[in-house]
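Line order of the protein sequences matches chains A and B. For the first sequence, position 120 matches number 120 in my numbering, and the numbering has no gaps at all. For the second sequence, position 70 matches number 70 in my numbering, and the numbering has no gaps at all.
No lab work stands behind these hints, which were simulated from the structure alone. Do not take every clue at face value.
A pair holds if it fits inside one copy or across any two, identical chains being indistinguishable in the list.
[Unchecked claim] Think about it this way: if two alpha-carbon atoms lie no more than 27 Å apart in a straight line, the pair counts; the simulated DSS-like pairs of lysine-lysine are:
id: 1; residue 1: Lys3; residue 2: Lys363
id: 2; residue 1: Lys447; residue 2: Lys405
id: 3; residue 1: Lys183; residue 2: Lys39
id: 4; residue 1: Lys352; residue 2: Lys75
id: 5; residue 1: Lys39; residue 2: Lys271
id: 6; residue 1: Lys79; residue 2: Lys351
id: 7; residue 1: Lys405; residue 2: Lys463
id: 8; residue 1: Lys328; residue 2: Lys292
id: 9; residue 1: Lys28; residue 2: Lys75
id: 10; residue 1: Lys127; residue 2: Lys23
id: 11; residue 1: Lys405; residue 2: Lys182
id: 12; residue 1: Lys227; residue 2: Lys405
id: 13; residue 1: Lys23; residue 2: Lys73
id: 14; residue 1: Lys351; residue 2: Lys363
id: 15; residue 1: Lys463; residue 2: Lys79
id: 16; residue 1: Lys328; residue 2: Lys351
id: 17; residue 1: Lys127; residue 2: Lys328
id: 18; residue 1: Lys28; residue 2: Lys73
id: 19; residue 1: Lys363; residue 2: Lys292
id: 20; residue 1: Lys237; residue 2: Lys23
There are 2 protein chains.
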Amino acid sequence: MKKAEDFSEWYNEIVERANLTDKRYPVKGMNVWTPYGWKIMQAIDSHIRQEFDATGHNEVYFPLLIPEDQFAKEKEHIKGFDAEVFWVTHAGLNPLDVRLLLRPTSETAMYPIFSLWIRSHADLPLKTYQIVNTFRYETKQTRAFIRVREIHFFESHTCHADFEDAERQVREDFEILARLAKKLCLPYRLLKRTDWDKFPGADYTVGIDTILPNGRSLQLGSIHQYKENFSRPYEIKYEDEKGEHRYVHQTTFGMSERLVGAIVAIHGDDKGLVLPPDVATNQVVIVPVLAKGHTEAVTRAARELFEELRAAGVRVHLDERDVRPGVKYYDWELKGVPLRLELGARDIEMKKVTFVRRDTGEKFLRERANVADEVRAVLSDIARDMLARAQKEMEANTITVTELKDLPEKMVRTGWCGSADCGHEIEARSDMNILGTPVDGETFEGKCVICGKPTRSPVYLAKAM
Amino acid sequence: MKKAEDFSEWYNEIVERANLTDKRYPVKGMNVWTPYGWKIMQAIDSHIRQEFDATGHNEVYFPLLIPEDQFAKEKEHIKGFDAEVFWVTHAGLNPLDVRLLLRPTSETAMYPIFSLWIRSHADLPLKTYQIVNTFRYETKQTRAFIRVREIHFFESHTCHADFEDAERQVREDFEILARLAKKLCLPYRLLKRTDWDKFPGADYTVGIDTILPNGRSLQLGSIHQYKENFSRPYEIKYEDEKGEHRYVHQTTFGMSERLVGAIVAIHGDDKGLVLPPDVATNQVVIVPVLAKGHTEAVTRAARELFEELRAAGVRVHLDERDVRPGVKYYDWELKGVPLRLELGARDIEMKKVTFVRRDTGEKFLRERANVADEVRAVLSDIARDMLARAQKEMEANTITVTELKDLPEKMVRTGWCGSADCGHEIEARSDMNILGTPVDGETFEGKCVICGKPTRSPVYLAKAM
Numbered sequence: 001m002k003k004a005e006d007f008s009e010w011y012n013e014i015v016e017r018a019n020l021t022d023k024r025y026p027v028k029g030m031n032v033w034t035p036y037g038w039k040i041m042q043a044i045d046s047h048i049r050q051e052f053d054a055t056g057h058n059e060v061y062f063p064l065l066i067p068e069d070q071f072a073k074e075k076e077h078i079k080g081f082d083a084e085v086f087w088v089t090h091a092g093l094n095p096l097d098v099r100l101l102l103r104p105t106s107e108t109a110m111y112p113i114f115s116l117w118i119r120s121h122a123d124l125p126l127k128t129y130q131i132v133n134t135f136r137y138e139t140k141q142t143r144a145f146i147r148v149r150e151i152h153f154f155e156s157h158t159c160h161a162d163f164e165d166a167e168r169q170v171r172e173d174f175e176i177l178a179r180l181a182k183k184l185c186l187p188y189r190l191l192k193r194t195d196w197d198k199f200p201g202a203d204y205t206v207g208i209d210t211i212l213p214n215g216r217s218l219q220l221g222s223i224h225q226y227k228e229n230f231s232r233p234y235e236i237k238y239e240d241e242k243g244e245h246r247y248v249h250q251t252t253f254g255m256s257e258r259l260v261g262a263i264v265a266i267h268g269d270d271k272g273l274v275l276p277p278d279v280a281t282n283q284v285v286i287v288p289v290l291a292k293g294h295t296e297a298v299t300r301a302a303r304e305l306f307e308e309l310r311a312a313g314v315r316v317h318l319d320e321r322d323v324r325p326g327v328k329y330y331d332w333e334l335k336g337v338p339l340r341l342e343l344g345a346r347d348i349e350m351k352k353v354t355f356v357r358r359d360t361g362e363k364f365l366r367e368r369a370n371v372a373d374e375v376r377a378v379l380s381d382i383a384r385d386m387l388a389r390a391q392k393e394m395e396a397n398t399i400t401v402t403e404l405k406d407l408p409e410k411m412v413r414t415g416w417c418g419s420a421d422c423g424h425e426i427e428a429r430s431d432m433n434i435l436g437t438p439v440d441g442e443t444f445e446g447k448c449v450i451c452g453k454p455t456r457s458p459v460y461l462a463k464a465m
Numbered sequence: 001m002k003k004a005e006d007f008s009e010w011y012n013e014i015v016e017r018a019n020l021t022d023k024r025y026p027v028k029g030m031n032v033w034t035p036y037g038w039k040i041m042q043a044i045d046s047h048i049r050q051e052f053d054a055t056g057h058n059e060v061y062f063p064l065l066i067p068e069d070q071f072a073k074e075k076e077h078i079k080g081f082d083a084e085v086f087w088v089t090h091a092g093l094n095p096l097d098v099r100l101l102l103r104p105t106s107e108t109a110m111y112p113i114f115s116l117w118i119r120s121h122a123d124l125p126l127k128t129y130q131i132v133n134t135f136r137y138e139t140k141q142t143r144a145f146i147r148v149r150e151i152h153f154f155e156s157h158t159c160h161a162d163f164e165d166a167e168r169q170v171r172e173d174f175e176i177l178a179r180l181a182k183k184l185c186l187p188y189r190l191l192k193r194t195d196w197d198k199f200p201g202a203d204y205t206v207g208i209d210t211i212l213p214n215g216r217s218l219q220l221g222s223i224h225q226y227k228e229n230f231s232r233p234y235e236i237k238y239e240d241e242k243g244e245h246r247y248v249h250q251t252t253f254g255m256s257e258r259l260v261g262a263i264v265a266i267h268g269d270d271k272g273l274v275l276p277p278d279v280a281t282n283q284v285v286i287v288p289v290l291a292k293g294h295t296e297a298v299t300r301a302a303r304e305l306f307e308e309l310r311a312a313g314v315r316v317h318l319d320e321r322d323v324r325p326g327v328k329y330y331d332w333e334l335k336g337v338p339l340r341l342e343l344g345a346r347d348i349e350m351k352k353v354t355f356v357r358r359d360t361g362e363k364f365l366r367e368r369a370n371v372a373d374e375v376r377a378v379l380s381d382i383a384r385d386m387l388a389r390a391q392k393e394m395e396a397n398t399i400t401v402t403e404l405k406d407l408p409e410k411m412v413r414t415g416w417c418g419s420a421d422c423g424h425e426i427e428a429r430s431d432m433n434i435l436g437t438p439v440d441g442e443t444f445e446g447k448c449v450i451c452g453k454p455t456r457s458p459v460y461l462a463k464a465m
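In isolation and in its complexed conformation, chain A is listed as follows (with noise of 0.2 Å):
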């Protein structure tokens, strides 16, 4: 299947030929994560941890399973996620006498926990974090990474003082998720949605929205302000300096799988995966090309340069397996490594090496000697390269409108006035959903498409993928 013609099933196809995931379980919605996809996983896990801690979060586990008086307290929330829970019912042989429901996400399960670890200022501000499973009664379609009922989410939660610091961390996460998404090679827009769709609770919600080469937008996640939407019902409150007792304001960034999902839907090509440097399991993969006469120099050369590279802390694979080259190139395409490295006896006459970049299937001869400072140069453009053509094709997936006749499936700018009223009324006529304003202060010199009244700032549309 080409992904040009049919990107959905393309989607389906490689996801299953490079062996993400397995999609047999007998649970719709609920897949395997074999190796190579938990190792994917796992290292975009282990970039988030690192500027979690770096930016003075710490990680916590709170318990998968919420009573639900507790998850009742807080109104729009419960009603946002009614429908769309697990309820665990029973233990054992017995009915529970209270229901137990498993985390959509964690804020109920987390605040009246942090209303007793907050007691004065001093506590604050409390940033906190957690990787977990998340659970979602997921109606539409199933899709691999993209939508599932058992999510891998990763969600930080934080109290503040007042509002302007909560302020001050949605800031930090919009410099965290600059940084990760840098390393992840994924562009996306910070949009702010409108009252209708916003976080269940939430005061304001900010989508991180990418496109999908088929034109659909795909939300990666999302930075909500609470205010003290949550600390009222909860009872989150700190004693300020000057003695007088005070609700905190609270902040969530949240992000799920979907960022496997969307690596490999954003960089995939027809021979497989495309994997970041940052993210890929395999970094360089070697493989030695055999000669008759070459046999035993050829692979003590390749020995070598693996050993090298895997001193300079490039993680690095050797393949010596028993079968013809264009078969490893083949496998390793399809896995997605970056960057593979041939070796053959001419190379090692010339001292040489045979690069092969996987982004763009070039091809070129770096010398042997500083074969290190080379393979991290050049895994570096890669990583730059991979983001600038997504940047550029994201741009390319998005149009500017002024009337929502014949659109495109593609993300599309407009003017809206900010009202409600054409608010619904944009979304009833493109058939699409508004995903929100920038609130990066993008600015558009137009008029409300529906009702004509001049607008300083654009609006997204999108088909949901």
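Following the hints, complete the assembly by docking chain B onto the known chain A.
Then chain B, alone, in the frame of chain A:
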């Protein structure tokens, strides 16, 4: 509370005071992992990953929820777990067609998929593991890390061509365990369980048992030989070299957050935790001892010391809080940091650093010049001594008896002919559980304590924690 006076109370108190867990979550037996507790668990997990990766196991992640019909295929297995699983019966507002249970362990989630992964002898051995949350509806009194209802759990699952290869795996597991337990400074005995106490579905079970200071036994984990007991109902077959179809032989190895509980219980003292250096979040804490006129010089020297140790790969913390050194000593002793370095004006003048061992309280001077080597050497001594002391304590808490009268609360070693009748009688008369017979070939020239028949292997009994 003193450990020697009331171990059980001491344990509960120390876990709370050291802030390893928060037990105030509103579901009994489901506790919150605080940042400090979680870091210790993660350190243990990373040792586990290292060992299993190095022995050719692949990490995977299988879904949490298991359909009832899939769970019921191996008859002994479901009988063993029926009374202690949590059931998901509803999703959203509707009842599910097939009830789903929360994994108590993952045999029945994995094995239907293994039957798809394994086709030929070339796919064997299949060696996998995962680190996940599991659930058991404990009806006994819960206790942090030791008896909980959401359990942080490691489980390896392997498939082999024949019984002999599965037996080799069991022996590899023994070796892995020995290396892990050394890092965790935990002594243990490998005891083959009785037939009436083995894991539901196993051919045989080897318990990994340690003794707590109160003389009760604590099972740290277990290693199971399944033979074809699961591969038959789950149809995990392979084609051998001759083209014949055979069932695989399977083994598992599981350990849980009890490892944290055992470290707390065995090594802790009245001042708090005592963490093994390989597990400690901070292996070393530096406390600058400031005095008038030397504040700046000491602060500078302490920071240099910190940077030097950090660069040398030591997990080190510099405590620059504006409180008295005594307060810092107290805090870090409670947290169990293995080694404290004190640095004052006199130390600097003498070109020395004051070392204080957490495990023994010993205080001594070491040269500042080669401090990183000194620190490494002392940490290594601490680990060696902690294990040796615990080993000695385990021996002291074990007695050999020839009659089952007036037994103290210790691990009891006696003779057993191996018959079920005598075994049940031993348990009844001793009011203890048979843990099993040693797998290491330990000999015992004696008689069955019930029937008097000669026996060459001892049996161990204990009351469980």
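Here is how each hint holds up against the structure:
1. In this assembly of identical chains, the alpha carbons of lysine 3 and lysine 363 lie at most 27 Å apart only when taken from the same copy (23 Å versus 68 Å across copies).
2. For the identical chains of this complex, lysine 447 and lysine 405 are intra-copy neighbours only, at 16 Å inside a copy versus 93 Å across copies, given an alpha-carbon limit of 27 Å.
3. When the C-alpha separation of lysine 183 and lysine 39 is checked against a cutoff of 27 Å, the pair qualifies both within a copy, at 16 Å, and between copies, at 25 Å.
4. Taking CA atoms no more than 27 Å apart as the test, lysine 352 paired with lysine 75 passes in neither setting, with 66 Å inside one copy and 62 Å between copies.
5. Only within a single protomer do lysine 39 and lysine 271 lie at most 27 Å apart by alpha-carbon distance; the minimum there is 21 Å, versus 41 Å between protomers.
6. Taking CA atoms no more than 27 Å apart as the test, lysine 79 paired with lysine 351 passes in neither setting, with 67 Å inside one copy and 66 Å between copies.
7. Only within a single protomer do lysine 405 and lysine 463 lie at most 27 Å apart by alpha-carbon distance; the minimum there is 15 Å, versus 77 Å between protomers.
8. Taking the shortest alpha-carbon separations for lysine 328 and lysine 292, only the intra-copy value of 19 Å comes in at or below 27 Å, while the best inter-copy value is 69 Å.
9. Taking CA atoms no more than 27 Å apart as the test, lysine 28 paired with lysine 75 passes between copies only; the shortest distance there is 25 Å, against 30 Å inside one copy.
10. For the identical chains of this complex, lysine 127 and lysine 23 are inter-copy neighbours only, at 20 Å across copies versus 36 Å inside a copy, given an alpha-carbon limit of 27 Å.
11. In this assembly of identical chains, lysine 405 and lysine 182 lie within 27 Å of each other by CA distance neither inside one copy nor across copies; the values are 35 Å within and 70 Å between.
12. In this homomeric assembly, lysine 227 and lysine 405 never come within 27 Å of each other (Cα to Cα): the closest approach is 39 Å inside a single copy and 67 Å across copies.
13. In this assembly of identical chains, the alpha carbons of lysine 23 and lysine 73 lie at most 27 Å apart only when taken from different copies (21 Å versus 36 Å within one copy).
14. Proximity of lysine 351 and lysine 363 under a CA criterion of 27 Å is satisfied intra-copy only: 16 Å inside one chain copy versus 58 Å between copies.
15. Taking the closest pair of Cα atoms, lysine 463 and lysine 79 come within 27 Å of each other only inside a single copy of the chain (24 Å); across copies the shortest separation is 49 Å, beyond that limit.
16. In the homo-oligomer, the alpha carbons of lysine 328 and lysine 351 lie at most 27 Å apart inside one protomer (23 Å), although the nearest pairing across protomers, at 59 Å, exceeds that limit.
17. With identical chains, the CA atoms of lysine 127 and lysine 328 are at most 27 Å apart between copies only, with a shortest distance of 24 Å across copies and 46 Å within one.
18. In the homo-oligomer, the alpha carbons of lysine 28 and lysine 73 lie at most 27 Å apart only across protomers (20 Å), although the nearest pairing inside one protomer, at 31 Å, exceeds that limit.
19. In this homomeric assembly, lysine 363 and lysine 292 come within 27 Å of each other (Cα to Cα) only inside a single copy, at 24 Å, whereas the closest approach across copies is 67 Å.
20. Taking CA atoms no more than 27 Å apart as the test, lysine 237 paired with lysine 23 passes between copies only; the shortest distance there is 20 Å, against 45 Å inside one copy.
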